[in-house]
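For the sequence shown, my numbering begins at 1 and goes up steadily by one.
Treat the hints as calculated values from the structure; they're not laboratory data. Warning: the hint list may mix true and false statements.
[Stated by the list, open to error] Simulated restraints, written as ranges between beta carbons of each label pair: (1) H116 / D70: 12 to 22 Å; (2) D70 / L41: 20 to 30 Å; (3) L119 / A92: 11 to 21 Å; (4) D48 / T94: 29 to 39 Å; (5) T94 / G46: 28 to 38 Å; (6) V97 / P71: 13 to 23 Å; (7) G59 / D108: 31 to 41 Å; (8) A20 / H79: 31 to 41 Å; (9) D109 / R83: 18 to 28 Å; (10) G117 / P33: 11 to 21 Å; (11) D108 / Q60: 27 to 37 Å.
[Said to hold, decoys possible] Lysine to any residue pairs mimicking SDA-like chemistry, simulated, CA-CA at most 20 Å apart: (12) K73 / I7; (13) K121 / A98; (14) K121 / E95; (15) K9 / D19; (16) K9 / F101; (17) K73 / E13; (18) K9 / P96; (19) K73 / D5; (20) K121 / N16; (21) K9 / L88; (22) K9 / A107; (23) K9 / R111; (24) K9 / S113; (25) K121 / E43; (26) K9 / R65; (27) K9 / P71; (28) K9 / T36; (29) K9 / D102; (30) K9 / D70; (31) K9 / A20; (32) K121 / G63; (33) K9 / D80; (34) K73 / T6; (35) K9 / R22; (36) K9 / V93; (37) K121 / L68; (38) K9 / A55; (39) K9 / G77; (40) K121 / H67.
Small disclaimer: the values here were computed from a predicted structure and weren't measured. Backbone N, C-alpha and C fix where the C-beta goes; we use that ideal spot for every residue, glycine too.
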Amino acid sequence: MPEFDTIAKRYIEVWNSTDAARRRELIEALFTPDATYTDPLGEVAGWDGIDAFVAGAQGQFAGLRFHLADPEKPVDGHHDIARFGWHLAPDAVTEPVAIGFDVIVTADDDRISNVHGFLDKVPG
Numbered sequence: 001m002p003e004f005d006t007i008a009k010r011y012i013e014v015w016n017s018t019d020a021a022r023r024r025e026l027i028e029a030l031f032t033p034d035a036t037y038t039d040p041l042g043e044v045a046g047w048d049g050i051d052a053f054v055a056g057a058q059g060q061f062a063g064l065r066f067h068l069a070d071p072e073k074p075v076d077g078h079h080d081i082a083r084f085g086w087h088l089a090p091d092a093v094t095e096p097v098a099i100g101f102d103v104i105v106t107a108d109d110d111r112i113s114n115v116h117g118f119l120d121k122v123p124g
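Given the sequences, and given the hints that come with them, work out the whole structure.
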């Protein structure tokens, strides 16, 4: 079974990496080349699509960072699928601007092949 806690931390790192070259390096290491990402705001595929989607979110929410909802709690997963909560805020203790959870599916090489995102709280 994949090490889901590590995967979730690396996934959050992708969303917080504002250096384009570093973000792309992280994406290629964490996602399969044909990975898909789907949430209520969009659907993208491949490294280019994921990279552009993340960059767009960073532009929209400049100054905010993604955080695991409960970094002390293990990620809930089995087989090749896991889910974890996250929030978007300036720091880990401020009231979040957005709250959600993501479900990831991993490939045989333990890289992410699919992400299904859900939004519980969005900016008004």
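Structure-based check of all given hints:
no.	hint	verdict
1	H116 / D70: 12 to 22 Å	holds (20 Å)
2	D70 / L41: 20 to 30 Å	holds (24 Å)
3	L119 / A92: 11 to 21 Å	holds (19 Å)
4	D48 / T94: 29 to 39 Å	holds (32 Å)
5	T94 / G46: 28 to 38 Å	holds (34 Å)
6	V97 / P71: 13 to 23 Å	holds (18 Å)
7	G59 / D108: 31 to 41 Å	holds (34 Å)
8	A20 / H79: 31 to 41 Å	holds (34 Å)
9	D109 / R83: 18 to 28 Å	holds (20 Å)
10	G117 / P33: 11 to 21 Å	holds (20 Å)
11	D108 / Q60: 27 to 37 Å	holds (34 Å)
12	K73 / I7	holds (14 Å)
13	K121 / A98	holds (5 Å)
14	K121 / E95	holds (11 Å)
15	K9 / D19	holds (17 Å)
16	K9 / F101	holds (13 Å)
17	K73 / E13	holds (18 Å)
18	K9 / P96	holds (18 Å)
19	K73 / D5	holds (9 Å)
20	K121 / N16	holds (19 Å)
21	K9 / L88	holds (14 Å)
22	K9 / A107	holds (17 Å)
23	K9 / R111	holds (13 Å)
24	K9 / S113	holds (16 Å)
25	K121 / E43	holds (19 Å)
26	K9 / R65	holds (13 Å)
27	K9 / P71	holds (9 Å)
28	K9 / T36	holds (19 Å)
29	K9 / D102	holds (12 Å)
30	K9 / D70	holds (11 Å)
31	K9 / A20	holds (18 Å)
32	K121 / G63	holds (18 Å)
33	K9 / D80	holds (17 Å)
34	K73 / T6	holds (12 Å)
35	K9 / R22	holds (15 Å)
36	K9 / V93	holds (17 Å)
37	K121 / L68	holds (15 Å)
38	K9 / A55	holds (18 Å)
39	K9 / G77	holds (14 Å)
40	K121 / H67	holds (14 Å)
Comparing the model with each numbered hint stated earlier shows that all of them hold.
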